[in-house]
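Enquirer: Could you build all of it, start to finish, from the sequences and the hints given here?
There are 2 protein chains.
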Amino acid sequence: MSEIRPLVLVTNDDSIEAPGLFKLVECLPQDVDIIVVAPAQPQSGKSSAITVNSPLRISSHPDVGAARVFTVSGTPVDCVKLALHAIVPRRPALVLAGINHGSNSGCNVIYSGTMGAVMEGCTVGIPSCGFSLLHHSMAADFDLSLPFVRDIISGLLADGLPDGVCLNVNIPAKVTPRGVRACRAAHGYWTDEYQRFTDPSGKPFYWLTGKFVNSEPLATDTDEYWLGQEYISLVPVSVDMSATSQVEPMSKRFDK
Amino acid sequence: MSEIRPLVLVTNDDSIEAPGLFKLVECLPQDVDIIVVAPAQPQSGKSSAITVNSPLRISSHPDVGAARVFTVSGTPVDCVKLALHAIVPRRPALVLAGINHGSNSGCNVIYSGTMGAVMEGCTVGIPSCGFSLLHHSMAADFDLSLPFVRDIISGLLADGLPDGVCLNVNIPAKVTPRGVRACRAAHGYWTDEYQRFTDPSGKPFYWLTGKFVNSEPLATDTDEYWLGQEYISLVPVSVDMSATSQVEPMSKRFDK
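Chain order of the listed sequences is A and B.
Residues in the first sequence are numbered consecutively from 232, following our numbering.
Residues in the second sequence are numbered consecutively from 232, following our numbering.
Honestly, I wouldn't trust all of these hints.
Same chains, same names: a pair is fine if it fits in one copy or spans any two.
[Said to hold, decoys possible] Dumping the calculated PhoX-like pairs for lysine-lysine here, alpha-carbon to alpha-carbon at most 25 Å: (1) Lys254 / Lys487; (2) Lys405 / Lys487; (3) Lys483 / Lys442.
Calculated from the structure, these hints are not laboratory results.
Expert: Shown next, in the form of structure tokens:
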């Protein structure tokens, strides 16, 4: 009797055109079915945004290797929601996103479309993991990291993840990673965030830029630290953002 | 010698046109300065999305009561970032968002543009709080809740919030709230998420809809529970999403 093969749903935020998407597909074992549902257009910085005020389209795309491929005219979360609603033939065993062209370490997880897709998978109870390489270029070299990515995916297929927890994996660029370290996200913030321009009619406009500041440069248990040591960082992320230890103090202050 | 007055930055995700925005402004005390920086267009469901691939504009708007008012051509997070970079004359004492027309309880905090703005304020270390009314209509009646909103704001101006923690306040609709309860977000998910249409040329398209399912209907310590009891729910939210209790188990599984 044939067993039903695990199904893996793969998405990203850099769109169907991004090489990192199919590098991630390359890391999947041969004994799974693969469906790629990627944004038709780049969706960097889209966080967990959903499209509420306009329609979405699904388009088919030629197969890539063993993967069936579709695009959705929306955000990464739209891709996961619509894939689960209208594309996949059965519940995926895993939702993967990436490999992102650019870092999602530190506080950047909250802006990340890659991690938006991952949190969506987690919210509906599917083990979910995002991968990001610390290199923005479309010509970034992913190959040095792929053996590690393969191992992480095998571990996820074998043992899943605890309820409500997904993974944010970041990969140092231009080196053979020295290993993998589970850790927490470094606290930090962005500074010098906008470049100001003046348009031909004399009116100002602004373009996002800036520099990430790690507020904990001395901490040795953070993703920023381990990435600096040329390790792959693996941060377990909770989709429930409630600060449960603060419920009682806030109760004392605000209940009435 | 005159003291410098606290500055409060107010934004939302329903845009400058939404009545809830100025209902929130009405709740501020007379001894603060108020700057409103709201999205020029509705931004529901934008989560913590940022605009990375196009320019942003700031426009001035006539004062509303004691508030100076601006719009930004982007998302709620863009509003907070650009306000802090280019609009406010000094660091705000408080970032407030809302009053949102619609619920941001349960897992919906992750899709919420209102809470995206709040988390941005929190990330840069400013006490920040979002308010949402469980009623989508632009004609929603906010007035029954305003005395409670005023009290919460006073408490925030007096005592701030712990580092890394912001507040997600949801307000039951069409009733005089029975009180305020600090609690955690109910776990849940959305189901029946899309309506399928066929366009005049015979091609399908999809529109987001759906129903929120509370996975913990029996829990009495969640926002969904207290809202059902006609209380205002106040959830402390952590902007660091790291599941720190899972670092060690993940270390055992994935470190190499």
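Enquirer: So, for every hint listed, does it hold in this structure?
Expert: Now for the hints, and whether the structure bears them out:
no.: 1; hint: Lys254 / Lys487; in the structure: between (54 Å within a copy, 21 Å between copies)
no.: 2; hint: Lys405 / Lys487; in the structure: between (56 Å within a copy, 19 Å between copies)
no.: 3; hint: Lys483 / Lys442; in the structure: neither (38 Å within a copy, 33 Å between copies)
In this structure, only the earlier hint numbered 3 is contradicted, and the remaining ones agree with it.
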